[in-house]
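> Below, each chain spelled out in residue letters.
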Amino acid sequence: MSNHHDHDHGPTHTHDGKPIQEDELPSIEAQILETSVRELLIEKGVVSGEDIRRAIEAMDTRGESLGAKIVVRAWTDPEYKDRLLNSSDDAIREFGINMSPMELCVVENTDEVHNMVVCTLCSCYPRPILGIPPAWYKRRDYRARAVREPRAVLQEFGTELPDGKQVRVHDSNADLRYLVLPERPAGTEDWTADQLEALVTRDSMIGVSDVRRPGEADA
Amino acid sequence: MDNKYSPGDKVRILQRNQPGHVRTPIYVRGKTGVIERIVGSFPNPELLAYGNSGLPYKMLYRVNFKQSELWPDYDGPSSDTLEIEIYEHWMAPA
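Protein sequence lines correspond, in order, to chains V and W.
Just so you know, we're using the numbering used here here: the first sequence kicks off at 943 and counts up by one.
Just so you know, we're using the numbering used here here: the second sequence kicks off at 3 and counts up by one.
One chain only, chain V, in its complex shape (with noise of 0.2 Å):
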């Protein structure tokens, strides 16, 4: 056992068995409000446990590849670009895809512009393209520090701008859900889509991050 462990564990100290603590506790209100109405809807027949596994995992499943796929689109194909930007709604259900109730805003990055989503109040996320967001989305220091020094964030992201860009955030606060469309790297002209799309990362289009072919250094 190690040191600094040796101390008893009483109801105001556990760690859970993780060493790095969420920086929030779960709503406990929130979580046997949700374990009722599970077992209610359940019970009474109207979903089963299977039901539901499956509803999880799909929504696990569903990750970046999406959103590459749209990207790519759009990098290869002007009209299919024209069509993102401005209706944005009916150029993703080619894909299959349905925000419904919410409405997808499309943002393009530039040479003279580089965008960056965040959701200040909660954790909004365009999930039915990217997924499930990551941890650090939904944390209190991201959705802080985004609004308030987003070229700090970048710059820890990785992501080094110069001053002649300007950086436009987007809180994602109410019924749009933000997708960025990121600049296509120079020197990719002849790549296929297969290829283009394993360059798209779900960082980039959150707006966190610029899409790099290999090796490719930092502009």
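FYI, nobody ran anything at the bench for these hints, they're computed from the structure.
Everything numeric in this text was worked out from a predicted model, so none of it was measured.
The beta-carbon is built from N, C-alpha and C at its ideal position, and this holds for glycine as well.
There could be a bad hint or two in this list.
[To be verified] Label pairs and their in silico Cβ distance ranges:
| hint | chain 1 | residue 1 | chain 2 | residue 2 | range |
| --- | --- | --- | --- | --- | --- |
| 1 | V | Gly-991 | W | His-23 | 29 to 35 Å |
| 2 | W | Pro-9 | V | Tyr-1022 | 21 to 27 Å |
| 3 | V | Ser-1029 | W | Leu-57 | 46 to 52 Å |
| 4 | V | Gln-1097 | W | Thr-34 | 27 to 33 Å |
| 5 | V | Gly-1100 | W | Gln-17 | 36 to 42 Å |
Following the hints, complete the assembly by docking chain W onto the known chain V.
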């Protein structure tokens, strides 16, 4: 549903203390920005969150702020901005 504001209009976010499921963060209250776009009408989240229908719908806009307007000591170029969704009943002409 009619929109009271159009893209380019200057608006001031209301400095109002209101408990509940309010989608206007404190850091933009009392600040002046410019309408970026009209998003459309949506159920009022301040009612919707409590099992209510959310009627009447409220017009929603995206408002662009200069970071230096939000944070007087903002550490970055003066061209940096922030955009956020604000309902019509949270703004006034500026």
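> Could you run down the list of hints and mark each one as holding or not?
Verification of the supplied hints:
In this structure the hint that Gly-991(V) and His-23(W) lie 29 to 35 Å apart at CB holds, the actual value being about 31 Å. Distance hint check: the CB atoms of Pro-9(W) and Tyr-1022(V) are about 25 Å apart, consistent with the given range 21 to 27 Å. The hint said 46 to 52 Å for the Cβ distance between Ser-1029(V) and Leu-57(W), and at roughly 27 Å that hint is violated. One distance hint, 27 to 33 Å for the beta-carbon pair Gln-1097(V) and Thr-34(W), holds here, with the actual separation near 29 Å.
Against the hinted window of 36 to 42 Å, the Cβ-Cβ separation of Gly-1100(V) and Gln-17(W) comes to about 38 Å, which satisfies the hint.
Hint check: a violation occurs at hint 3 only; the rest are consistent with the structure.
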